[in-house]
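Going down the list, the protein sequences come from chains R and S.
Residue 1 is where the first sequence starts when you use the working numbering, and the numbers rise one by one after that.
Residue 1 is where the second sequence starts when you use the working numbering, and the numbers rise one by one after that.
Warning: the hint list may mix true and false statements.
Unchecked claim - Just a sample of chain R residues kept apart from chain S, beta carbon distances all over 12 angstroms, derived:
(1) M28
(2) K114
(3) E163
(4) L182
(5) E189
(6) G193
(7) N212
(8) T237
(9) G245
(10) E297
(11) L313
(12) G336
(13) A344
(14) R369
(15) R411
What the hints assert, rightly or not - Distance ranges between label pairs, derived from CB positions:
(16) S:P142 with R:K331: 37 to 45 angstroms
(17) S:G134 with R:T82: 43 to 51 angstroms
(18) R:P300 with S:E75: 38 to 46 angstroms
(19) R:A74 with S:E75: 35 to 43 angstroms
(20) R:R338 with S:K139: 15 to 23 angstroms
(21) R:M319 with S:Q11: 35 to 43 angstroms
(22) S:E53 with R:F330: 42 to 50 angstroms
(23) R:M323 with S:T88: 30 to 38 angstroms
(24) R:R338 with S:T16: 23 to 31 angstroms
(25) R:M323 with S:R125: 48 to 56 angstroms
(26) R:K320 with S:H50: 14 to 22 angstroms
(27) R:R56 with S:E53: 53 to 61 angstroms
(28) S:V143 with R:S258: 48 to 56 angstroms
(29) R:K290 with S:G134: 22 to 30 angstroms
As the list claims (entries may be wrong) - Examples of chain S residues lying across from chain R (beta carbon under 7 angstroms, computed):
(30) L7
(31) L41
(32) T43
(33) N69
(34) Q71
(35) V72
(36) A101
(37) W104
(38) W132
(39) E133
(40) P136
Since the hints were made in silico from the structure, they are not lab data.
Yeah, the Cβ is synthetic: ideal placement off N, Cα and C, and Gly gets one too.
Chain by chain, the residues run as shown.
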Amino acid sequence: MKQPLEDHVATLAAVQERPATPSAPRRMTLNMGPQHPSTHGVLRIVIELEGETIVRAEPDIGFLHTGIEKQCEAINWAQVVTLTDRVDYLSNIGNNLVYALTVEKLLQMEIPPKAQWMRVMLAEIDRLNSHLVWLGTHALDIGAMSMFFYCFREREDILRLKEMFSGQRMMTSYIRPGGLALDAPRGWEKAVGKFIKQFPSKVDEYENLLDNNPIWKIRTQGVGYISLEDMLDLGVTGPMIRGAGVALDVRKTEPYSSYDKFNFKVATQTSNDVYGRYRVRLEEMRESAKIIVQAMEGMPEGPYQADAPHVVLPDREKMKTQMESLIYHFKIVTEGYRVPAGEAYVAVESPRGEIAYYAVSDGTAKPYRLHMRTPSFANLIALPTLLEGTLIADSIASLGSMDFVLGDTDR
Amino acid sequence: MNYPGILETKQALGETTLIADPAHIVSLCRDLKHKENFLRLDTVTAVDWHPTEDPRFEVVYHLHSLGANPQVKVESRRLRVKCRISGTNPEIDSVTSVWRAANWYEREVFDMFGIGFRNHPNLTRILMPLDWEGHPLRKDYPVHGYKYSYAKD
Numbered sequence: 001m002k003q004p005l006e007d008h009v010a011t012l013a014a015v016q017e018r019p020a021t022p023s024a025p026r027r028m029t030l031n032m033g034p035q036h037p038s039t040h041g042v043l044r045i046v047i048e049l050e051g052e053t054i055v056r057a058e059p060d061i062g063f064l065h066t067g068i069e070k071q072c073e074a075i076n077w078a079q080v081v082t083l084t085d086r087v088d089y090l091s092n093i094g095n096n097l098v099y100a101l102t103v104e105k106l107l108q109m110e111i112p113p114k115a116q117w118m119r120v121m122l123a124e125i126d127r128l129n130s131h132l133v134w135l136g137t138h139a140l141d142i143g144a145m146s147m148f149f150y151c152f153r154e155r156e157d158i159l160r161l162k163e164m165f166s167g168q169r170m171m172t173s174y175i176r177p178g179g180l181a182l183d184a185p186r187g188w189e190k191a192v193g194k195f196i197k198q199f200p201s202k203v204d205e206y207e208n209l210l211d212n213n214p215i216w217k218i219r220t221q222g223v224g225y226i227s228l229e230d231m232l233d234l235g236v237t238g239p240m241i242r243g244a245g246v247a248l249d250v251r252k253t254e255p256y257s258s259y260d261k262f263n264f265k266v267a268t269q270t271s272n273d274v275y276g277r278y279r280v281r282l283e284e285m286r287e288s289a290k291i292i293v294q295a296m297e298g299m300p301e302g303p304y305q306a307d308a309p310h311v312v313l314p315d316r317e318k319m320k321t322q323m324e325s326l327i328y329h330f331k332i333v334t335e336g337y338r339v340p341a342g343e344a345y346v347a348v349e350s351p352r353g354e355i356a357y358y359a360v361s362d363g364t365a366k367p368y369r370l371h372m373r374t375p376s377f378a379n380l381i382a383l384p385t386l387l388e389g390t391l392i393a394d395s396i397a398s399l400g401s402m403d404f405v406l407g408d409t410d411r
Numbered sequence: 001m002n003y004p005g006i007l008e009t010k011q012a013l014g015e016t017t018l019i020a021d022p023a024h025i026v027s028l029c030r031d032l033k034h035k036e037n038f039l040r041l042d043t044v045t046a047v048d049w050h051p052t053e054d055p056r057f058e059v060v061y062h063l064h065s066l067g068a069n070p071q072v073k074v075e076s077r078r079l080r081v082k083c084r085i086s087g088t089n090p091e092i093d094s095v096t097s098v099w100r101a102a103n104w105y106e107r108e109v110f111d112m113f114g115i116g117f118r119n120h121p122n123l124t125r126i127l128m129p130l131d132w133e134g135h136p137l138r139k140d141y142p143v144h145g146y147k148y149s150y151a152k153d
């Protein structure tokens, strides 16, 4: 049996014993992670250094692998929703949404407008949540500590909103195939309205705090460059590629869940560095706030779930008084619903980039195969290209600008 | 689309699927990238049809085109390419020479399904530990089970 740890120790010893000659500078192997605070999770990067320059960076992932794709094959289509929450735990509503859209595509189901608009609103609230966590922790990594407290102040409001809608602060499972889990709670307009009214001024506050800080600018401008050709070849999406001037945003290019009825801009920058990605995310927060206001003002009336009794759980009151609803309830809860055989691939724009689910059904009540194309995994492929040739001190800024979540990477 | 290596073209639920010959996958992908503008490889995965179907594995590639000039206007187009390969000693050519993005996805497929990729630069396990036995996403691999016993002998 192989013993990776002993192999690794031997390699380290061999590297350190190598004599230092002027012609071949001594290389140092640096093991960054899996407990390094700025990897935001359990990412290990084996870095080879020549002086302070990174000559090789090899990410090592899989520490958070929980076998979600395998578990999905053992439970029915309705139960999978709770697992999708746990893939990307900072934007779980985006994951719920892409799963619901995939199953609905296989079922060829129409979703009522109110549910679609509610989904858009919640997905944007979730984007704010994710970007706030990113901004707070990224600024903390670079040394602007107070940003963390400001961002988490607003994030707390968002978590309260999520709790108001679904009863859960993080693992909401609120968007389900067929519509939403529950109708919107009483007084949601007031709560969301209060939050979104003051939010744009908070974004201005963040911008003032960071853009008037010369250290922030020095540490981010011109750092973390990666060419557009490399990014396309390596499959990078999201704010990274928008920071290089390509308006690749699934919300605009393939509108889902009636995003085509909303008026918003795709934020792009051309500087292609850490600062540019920060500007893209800041603009996205402003655009998200606009979308939330539009969704609130134009929220259609009507049902929040599709009229599909074989998929959507019946109303509690009906279940207790009507025989037919009771039978449907029993069938859905005990054996689940059957999804027609076929395959579907649906992509949506998560805060980190394009997230896509590929579902294969064999006509039974359980997914035959569910593959998750997660943006963090795809973006991390570019990590060696991003880091190699740069300074070790800039690696923290470059890493942070990718905004990966290790749960999303390892699944 | 008519390139060497395409066996069949299917349309379902608004998605296009090409069934391709595994022997020609690299040349087909190169044609799709350079002549049809599929600059991005979205993902590579596999489906195990054990024990109902033969050949057992289906390797699935999802491609994404951003149009002719993505910096001016993004025109999104998606395509799925599938290859059927046999269950005994499953192997297919790696497409890392076409898109570098394939590197990690092919390692994942190797890790989870035990499908080998010829000419891959670094075909090792990516998510599971290096000394793991078995390939978890195969249908004959159990969902539950204990590899180690904690009971006192």
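Status of each hint after checking the structure:
With 12 angstroms as the threshold on Cβ separation, the claim that M28 (chain R) sits away from chain S holds: the shortest Cβ distance comes to roughly 22 angstroms. Interface exclusion of K114 (chain R) from chain S stands, the closest Cβ pair being 25 angstroms apart, more than 12 angstroms. Under the 12 angstroms C-beta cut-off, the non-interface status given to E163 (chain R) relative to chain S holds; the minimum distance is some 32 angstroms. At the 12 angstroms boundary, the C-beta of L182 (chain R) stays outside the reach of chain S, the nearest C-beta of that chain being 29 angstroms off.
At roughly 34 angstroms from the closest C-beta of chain S, the C-beta of E189 (chain R) stays outside 12 angstroms, upholding its exclusion from the interface. Every beta carbon of chain S lies more than 12 angstroms from that of G193 (chain R), the smallest distance being close to 33 angstroms; the non-interface claim holds. For N212 (chain R), the non-interface assignment is confirmed: its Cβ lies about 31 angstroms from the closest Cβ of chain S, beyond the 12 angstroms cut-off. The Cβ of T237 (chain R) sits about 8 angstroms from the closest Cβ of chain S, inside the 12 angstroms cut-off, so the non-interface label is violated.
With a closest Cβ-Cβ approach of about 6 angstroms to chain S, G245 (chain R) is found to fall inside the 12 angstroms limit, against its non-interface label. Residue-level check passed: E297 (chain R) sits 28 angstroms from the nearest beta carbon of chain S, beyond 12 angstroms. Even its closest Cβ contact with chain S, about 25 angstroms, leaves L313 (chain R) beyond 12 angstroms, as expected for a residue assigned away from the interface. Against chain S, the non-interface label of G336 (chain R) holds: every CB pair exceeds 12 angstroms, the least being about 16 angstroms.
Listed as a non-interface residue, A344 (chain R) fails to keep its Cβ farther than 12 angstroms from every Cβ of chain S; the least gap is roughly 6 angstroms. The claim that R369 (chain R) is not at the interface with chain S is violated, since a C-beta of that chain comes within 12 angstroms of its own (minimum 5 angstroms). With a least CB separation of 8 angstroms from chain S, R411 (chain R) falls inside the 12 angstroms interface cut-off, contrary to its annotation. Checked against the given bound of 37 to 45 angstroms, the beta carbons of P142 (chain S) and K331 (chain R), roughly 28 angstroms apart, lie outside it.
Checked against the given bound of 43 to 51 angstroms, the beta carbons of G134 (chain S) and T82 (chain R), roughly 26 angstroms apart, lie outside it. The supplied range of 38 to 46 angstroms is broken by P300 (chain R) and E75 (chain S), whose beta-carbon atoms lie about 30 angstroms from each other. Evaluation of the 35 to 43 angstroms hint for A74 (chain R) and E75 (chain S) yields a pass: the beta carbon distance comes to about 40 angstroms. Hint check: R338 (chain R) to K139 (chain S), Cβ distance near 19 angstroms, so the stated range 15 to 23 angstroms holds.
One distance hint, 35 to 43 angstroms for the beta-carbon pair M319 (chain R) and Q11 (chain S), holds here, with the actual separation near 40 angstroms. One distance hint, 42 to 50 angstroms for the beta-carbon pair E53 (chain S) and F330 (chain R), is violated here, with the actual separation near 33 angstroms. One distance hint, 30 to 38 angstroms for the beta-carbon pair M323 (chain R) and T88 (chain S), is violated here, with the actual separation near 53 angstroms. The hint said 23 to 31 angstroms for the Cβ distance between R338 (chain R) and T16 (chain S), and at roughly 26 angstroms that hint holds.
The beta-carbon spacing between M323 (chain R) and R125 (chain S), approximately 53 angstroms, falls within the hinted interval of 48 to 56 angstroms. Between K320 (chain R) and H50 (chain S) the beta carbon distance is about 44 angstroms. The supplied range of 14 to 22 angstroms is therefore violated. In this structure the supplied range 53 to 61 angstroms is violated for R56 (chain R) paired with E53 (chain S), their Cβ-Cβ distance being about 43 angstroms. At roughly 37 angstroms, the beta-carbon separation of V143 (chain S) and S258 (chain R) lies outside the given 48 to 56 angstroms, and the hint is violated.
At about 50 angstroms, the beta-carbon gap between K290 (chain R) and G134 (chain S) misses the expected band of 22 to 30 angstroms. Against a cut-off of 7 angstroms between C-beta atoms, the interface hint on L7 (chain S) is violated, since the closest Cβ of chain R lies about 17 angstroms away. Annotation: interface hint on L41 (chain S) holds; nearest CB of chain R at approximately 6 angstroms, less than 7 angstroms. A hinted interface residue such as T43 (chain S) counts as satisfied when its beta carbon comes closer than 7 angstroms to some beta carbon of chain R; here the least separation is about 4 angstroms, so the hint holds.
Hint on N69 (chain S) is violated. Least Cβ distance to chain R is approximately 10 angstroms, over the 7 angstroms limit. Among the interface hints, the one on Q71 (chain S) holds; its C-beta lies about 6 angstroms from the nearest C-beta in chain R, closer than the 7 angstroms criterion. Residue-level restraint check for V72 (chain S) is violated (minimum Cβ-Cβ distance to chain R is 9 angstroms; threshold 7 angstroms). Interface restraint check: A101 (chain S) against chain R, minimum CB-CB distance 3 angstroms, threshold 7 angstroms, status holds.
Annotation: interface hint on W104 (chain S) holds; nearest CB of chain R at approximately 5 angstroms, less than 7 angstroms. The interface hint given for W132 (chain S) is violated, since its Cβ lies 10 angstroms from the closest Cβ of chain R, which is over the 7 angstroms cut-off. At its closest, the beta carbon of E133 (chain S) sits 10 angstroms from a beta carbon of chain R; the interface hint therefore is violated under the 7 angstroms criterion. Checking P136 (chain S) against chain R: minimum C-beta separation of about 5 angstroms stays under 7 angstroms; hint holds.
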